[in-house]
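There are 2 protein chains.
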Amino acid sequence: MRVPSKYIENAVDQIASLPGIGRKTALRLVLQLLNRSENEIQQFSDSFLRMKEHVKKCNSCGNVSDFETCSICQDENREKSIVCVVEDIRDVLAIEATQSFKGIYHVLNGIISPMDGIGPSDLNITHLIERVQSQNISEIIFALSATMEGDTTNFYLYKRLKEYDLTFSSLSKGVAIGSELQYADEITLSRSILNRQPFEL
Amino acid sequence: MRVPSKYIENAVDQIASLPGIGRKTALRLVLQLLNRSENEIQQFSDSFLRMKEHVKKCNSCGNVSDFETCSICQDENREKSIVCVVEDIRDVLAIEATQSFKGIYHVLNGIISPMDGIGPSDLNITHLIERVQSQNISEIIFALSATMEGDTTNFYLYKRLKEYDLTFSSLSKGVAIGSELQYADEITLSRSILNRQPFEL
Numbered sequence: 001m002r003v004p005s006k007y008i009e010n011a012v013d014q015i016a017s018l019p020g021i022g023r024k025t026a027l028r029l030v031l032q033l034l035n036r037s038e039n040e041i042q043q044f045s046d047s048f049l050r051m052k053e054h055v056k057k058c059n060s061c062g063n064v065s066d067f068e069t070c071s072i073c074q075d076e077n078r079e080k081s082i083v084c085v086v087e088d089i090r091d092v093l094a095i096e097a098t099q100s101f102k103g104i105y106h107v108l109n110g111i112i113s114p115m116d117g118i119g120p121s122d123l124n125i126t127h128l129i130e131r132v133q134s135q136n137i138s139e140i141i142f143a144l145s146a147t148m149e150g151d152t153t154n155f156y157l158y159k160r161l162k163e164y165d166l167t168f169s170s171l172s173k174g175v176a177i178g179s180e181l182q183y184a185d186e187i188t189l190s191r192s193i194l195n196r197q198p199f200e201l
Numbered sequence: 202m203r204v205p206s207k208y209i210e211n212a213v214d215q216i217a218s219l220p221g222i223g224r225k226t227a228l229r230l231v232l233q234l235l236n237r238s239e240n241e242i243q244q245f246s247d248s249f250l251r252m253k254e255h256v257k258k259c260n261s262c263g264n265v266s267d268f269e270t271c272s273i274c275q276d277e278n279r280e281k282s283i284v285c286v287v288e289d290i291r292d293v294l295a296i297e298a299t300q301s302f303k304g305i306y307h308v309l310n311g312i313i314s315p316m317d318g319i320g321p322s323d324l325n326i327t328h329l330i331e332r333v334q335s336q337n338i339s340e341i342i343f344a345l346s347a348t349m350e351g352d353t354t355n356f357y358l359y360k361r362l363k364e365y366d367l368t369f370s371s372l373s374k375g376v377a378i379g380s381e382l383q384y385a386d387e388i389t390l391s392r393s394i395l396n397r398q399p400f401e402l
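Chains as they are written, first to last, in the working numbering: chain A, 1 to 201; chain B, 202 to 402.
None of these hints come from the bench; they were simulated from the model.
Think of the CB as a built atom: it goes at the ideal place given N, C-alpha and C, for glycine as much as any other residue.
One or more of the hints may lead you astray.
[Said to hold, decoys possible] Away from chain A, derived, C-beta distances all over 10 Å, residues of chain B:
hint, residue
1, Ile222
2, Leu230
3, Phe245
4, Phe249
5, Val265
6, Lys360
[Stated by the list, open to error] Selected chain A positions facing chain B (in silico; Cβ < 10 Å):
hint, residue
7, Leu34
8, Phe44
9, Val64
10, Lys80
11, Ile82
12, Ile89
13, Phe168
14, Val175
15, Ile177
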């Protein structure tokens, strides 16, 4: 489908450059934008520029923030000795949404993935080791994806950090709460049998 | 999920204002944008502003164009007496992609839909009647959606236009080519039996 306007074509290219959005969807979105007022489109465009201009990475954990240090690292009530290592800012948001973690985070900004050409040096790992050396950290929680890449990254981090006096833990794996057993995949189910927990009433 | 930055929050709001994009997807897209360079984000934002600034509606058919008159209406080789009435610019693109229509278009910019509060006066209908009066048009093809709203709009247009010396036609309806009969819906199948066509070898 050729659009009869190079300006629309260009806007479609930009929207279609976002992950998971094809050109047909992009065209639908762009034509919806085109129907908005000039002022609304100005606000739309400005929001991205202002975000790029103002959003910083927290100088401690790597989380996004409008300030030099993010609100979690600044919070006096958080347990600063427990650091939860995550791949991505969205993982911080997901864990924060549970309201069940009171420690702080370290955002790796990716995961070791040789297939995608991402090695340890591409990740925010050196700074994690600096934090372990300089801050009073007692426990590291590995909260990476339960995939081959996640396991590789966990193993690499463990090797780099094991010389320090730290407790290591990782998220528990098993059948999802509220899900039916017959739909659980075999590997998860077999691991949840091997790692069975004491029954609690 | 609360994002710890009002600038990201704002960008997420803007992306989530696009049709069919929820806040979780919007956040994923926005964080991907955040990783781009300042220059890339400038280009991203500019594309929408420049589109709004430069794209016009064709003064004849209502299609989008970078010029006063769109490339289809300007094309000397198109059959100017056959006008295909469509709901939306995307329908023009879809029909053009088939390369099997050599007439010109009229974009209504919507469809009569009382449920959504869209009446005839909200659509580009007066201009269609002006075109019929002033241009040398002999056939009107109704190419609106095969829905209740589409039928209502067809009927309304027919009533407004029947006093002029015009042939009216509409897209043929029936089972889709390449589809299996058992998956066709009942109404389509029953209409395709009633409207059966002479067998051609």
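Which numbered conditions among the earlier hints are violated in the structure presented, ordered from lowest to highest? 1, 2, 3, 4, 5, 10, 11, 13, 14, 15
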